[in-house]
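Given the sequences, and given the hints that come with them, work out the whole structure.
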Amino acid sequence: MATATVLGAESPDRWRYLNNILNRKGPYTDEAFTPGDEPKAFLADAKILVIGAGGLGCEILKNLALSGFKDIHVIDMDTIDISNLNRQFLFREADVGKSKAEVAAAFVMKRVRGVTITPFNCAIQDKDDEYYKQFKIVVCGLDSVEARRWMNATLINLVDDETLIPLIDGGTEGFKGQARVILPTISSCYECSLDMHTPRAAVPLCTLASIPRQPAHCIEWASVIQWPKEKGDLKLDTDDPEHITWLFTKALERAKEFNIPGVTYSMTQGVVKNIIPAIASTNAIVAASCCNEALKIATTAAPYLDNYMMYTGNESIYTYTFTHEKKENCPVCGNLPQNLEVNPEWTLEGLMERLQERPETTLRKPSLRTSSKSLYLQAPKQLEEQTRPNLEKKLKELMETGDELSISDPGMPFNLRFIITMSE
Amino acid sequence: MLKIWSMKQQQQAASAASGKKKVTAAQLRVQKDLGELSLPPTMKTHFPDPDDILNFTLTIEPDEGMYKGGSFNFDFTINQNFPHDPPKVLCKQKIYHPNIDLEGKVCLNILREDWKPVLNLNAVIVGLQYLFLEPNASDPLNKEAAEDLKNNRETFKRNVRTSMAGGYVKTTSYDRVMK
Numbered sequence: 001m002a003t004a005t006v007l008g009a010e011s012p013d014r015w016r017y018l019n020n021i022l023n024r025k026g027p028y029t030d031e032a033f034t035p036g037d038e039p040k041a042f043l044a045d046a047k048i049l050v051i052g053a054g055g056l057g058c059e060i061l062k063n064l065a066l067s068g069f070k071d072i073h074v075i076d077m078d079t080i081d082i083s084n085l086n087r088q089f090l091f092r093e094a095d096v097g098k099s100k101a102e103v104a105a106a107f108v109m110k111r112v113r114g115v116t117i118t119p120f121n122c123a124i125q126d127k128d129d130e131y132y133k134q135f136k137i138v139v140c141g142l143d144s145v146e147a148r149r150w151m152n153a154t155l156i157n158l159v160d161d162e163t164l165i166p167l168i169d170g171g172t173e174g175f176k177g178q179a180r181v182i183l184p185t186i187s188s189c190y191e192c193s194l195d196m197h198t199p200r201a202a203v204p205l206c207t208l209a210s211i212p213r214q215p216a217h218c219i220e221w222a223s224v225i226q227w228p229k230e231k232g233d234l235k236l237d238t239d240d241p242e243h244i245t246w247l248f249t250k251a252l253e254r255a256k257e258f259n260i261p262g263v264t265y266s267m268t269q270g271v272v273k274n275i276i277p278a279i280a281s282t283n284a285i286v287a288a289s290c291c292n293e294a295l296k297i298a299t300t301a302a303p304y305l306d307n308y309m310m311y312t313g314n315e316s317i318y319t320y321t322f323t324h325e326k327k328e329n330c331p332v333c334g335n336l337p338q339n340l341e342v343n344p345e346w347t348l349e350g351l352m353e354r355l356q357e358r359p360e361t362t363l364r365k366p367s368l369r370t371s372s373k374s375l376y377l378q379a380p381k382q383l384e385e386q387t388r389p390n391l392e393k394k395l396k397e398l399m400e401t402g403d404e405l406s407i408s409d410p411g412m413p414f415n416l417r418f419i420i421t422m423s424e
Numbered sequence: 001m002l003k004i005w006s007m008k009q010q011q012q013a014a015s016a017a018s019g020k021k022k023v024t025a026a027q028l029r030v031q032k033d034l035g036e037l038s039l040p041p042t043m044k045t046h047f048p049d050p051d052d053i054l055n056f057t058l059t060i061e062p063d064e065g066m067y068k069g070g071s072f073n074f075d076f077t078i079n080q081n082f083p084h085d086p087p088k089v090l091c092k093q094k095i096y097h098p099n100i101d102l103e104g105k106v107c108l109n110i111l112r113e114d115w116k117p118v119l120n121l122n123a124v125i126v127g128l129q130y131l132f133l134e135p136n137a138s139d140p141l142n143k144e145a146a147e148d149l150k151n152n153r154e155t156f157k158r159n160v161r162t163s164m165a166g167g168y169v170k171t172t173s174y175d176r177v178m179k
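Chain order of the listed sequences is A and B. Here full-length UniProt numbering is used: position 364 in the first sequence is 364, and no number is missing along the way. Here full-length UniProt numbering is used: position 120 in the second sequence is 120, and no number is missing along the way.
Keep in mind that the hints were calculated from the coordinates and are not lab data. A couple of the hints might just be wrong.
Claimed, not checked - With a straight-line cut-off of 30 Å between C-alpha atoms, the simulated DSS-like cross-links for lysine-lysine are:
| no. | chain 1 | residue 1 | chain 2 | residue 2 |
| --- | --- | --- | --- | --- |
| 1 | A | K127 | B | K21 |
| 2 | B | K116 | B | K88 |
| 3 | B | K157 | B | K92 |
| 4 | B | K143 | A | K231 |
| 5 | B | K92 | B | K44 |
| 6 | A | K133 | B | K21 |
Here you go:
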């Protein structure tokens, strides 16, 4: 176990700002907080994972290193683009094309002595449960809903008697942003709040097709309507300059036809890639909030965020903090998968009969699936007919140990989930 | 971390089992939506691969209105971002309809600008059915058809019948969609 000397090894003033917090109690510190070596040792030993090394990620990595975390992992599958350089300050022109995670890790390690950052240039889905289990805290600085949902569900599924990994999620869009603390199964999770996020404002298809009014309408028309019409099955690659040029030319023609000025190449790129201009200061504020929470959770030096802070910087500086309520019927944290032992020789119908005998799985009209197989779905009618033959099959033909079984029923607000263990 | 752990101890031991092949949140939701689907006799689904519930075809055979007697096929493609993203719906045939263009794109508000994660597949299917009962001239994707509907309902009706039989309306030939 590393000791507190890690924080004091350099100039005695090096970590003074941190020692001010960790060496004494404050008016709001938790009763359980013991000032001094204990929280410092925890910071030095705790592994913390950062997802994303982009706009938020650069800030987060720098902040965590300067907050006394010593063992940081970072995952990002992206490479550095020249347009990142204005705000992703760990990258230089010579780094364009290199892995974000690797360059960011090397930069912060060079500047902050004593920190180890392990970079991974891969997708979060490439790592397994064992990998994620080693961390005490996960901080996300992502730009995609899909990746957030995956990370959220993964950490919630890891909860057991020994594991509970807080997820600190930051997000920004232009001048707006949010930071939130998710304690898996204890507080509201990302999936609980999915209804809250408005998908991006889309223009009605008929407006694009018949009465465009803005340059963006012409660009969307080119990508949504003309591309599939003229290019058939060729998939639009928004990173391919030739594709963007094609769209730009088409959009320009249409804009001329309707007397709409303002269509440019970079606007075309912005519209089709759905780029919302990133604001460096929004990233800095949201990342600061996230790292503040990481430090507070790790050391108990001050109460942590419960559980959602939204920030708006459009007209002034405004923040609002509230407790987002856990959703009782959340499909991810409302029902955790349970173990289910089955006999491989049972038929699917036999399994369903046995489930009917258990009070918690007595269902009116259950439908059963694994991640890769429709076992028996009672609606719609054609799917019922297609899956009915499975009822006679033995379980060993349909599933294997480790498969997740999901059972839905019209009378239930969410699906029941089981992890299958085959045993004779 | 002490605080978190004391909270955890207070909470009842909710311990999850962890599997190798997880069902994704989108799959969980689609499975649930399908179970709640109430299809009238005028509609049926077809799953080319019953194990893949994210891709299927919906056939609508209206029993009233101007499109009565036709059989219309729609491809449903649902991605892993569902229900954050709406399902993608495409008409498989070239049909004469003010709100469906010749490539099969559908102008239905809940498929695009008014989609919300609280909506489900049933809502989309009801919406599609409504398009055949009440084609809407004010949201045109096929401008010619919309103009016809606006100017002369009788001409429009005749054009619908001609197109459904596989004939020409003006210079455009349409797919035969009679059942």
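Right, here's what the structure says about each hint:
Of the pairs offered as hints, the one joining K127(A) and K21(B) holds, with about 13 Å between alpha carbons and a cut-off of 30 Å not exceeded. A hinted pair counts as satisfied when its Cα atoms are at most 30 Å apart, and K116(B) with K88(B) qualifies at roughly 14 Å. Restraint check for K157(B) and K92(B): satisfied, since their Cα atoms lie roughly 22 Å apart, inside the 30 Å limit. Our distance criterion of 30 Å between C-alpha atoms is met by K143(B) and K231(A), whose separation comes to about 22 Å.
Of the pairs offered as hints, the one joining K92(B) and K44(B) holds, with about 15 Å between alpha carbons and a cut-off of 30 Å not exceeded. Distance restraint check for K133(A) and K21(B): the Cα-Cα separation of roughly 17 Å lies within the 30 Å cut-off, and the hinted pair is therefore satisfied.
Checked against the numbered hints above, the structure violates none of them.
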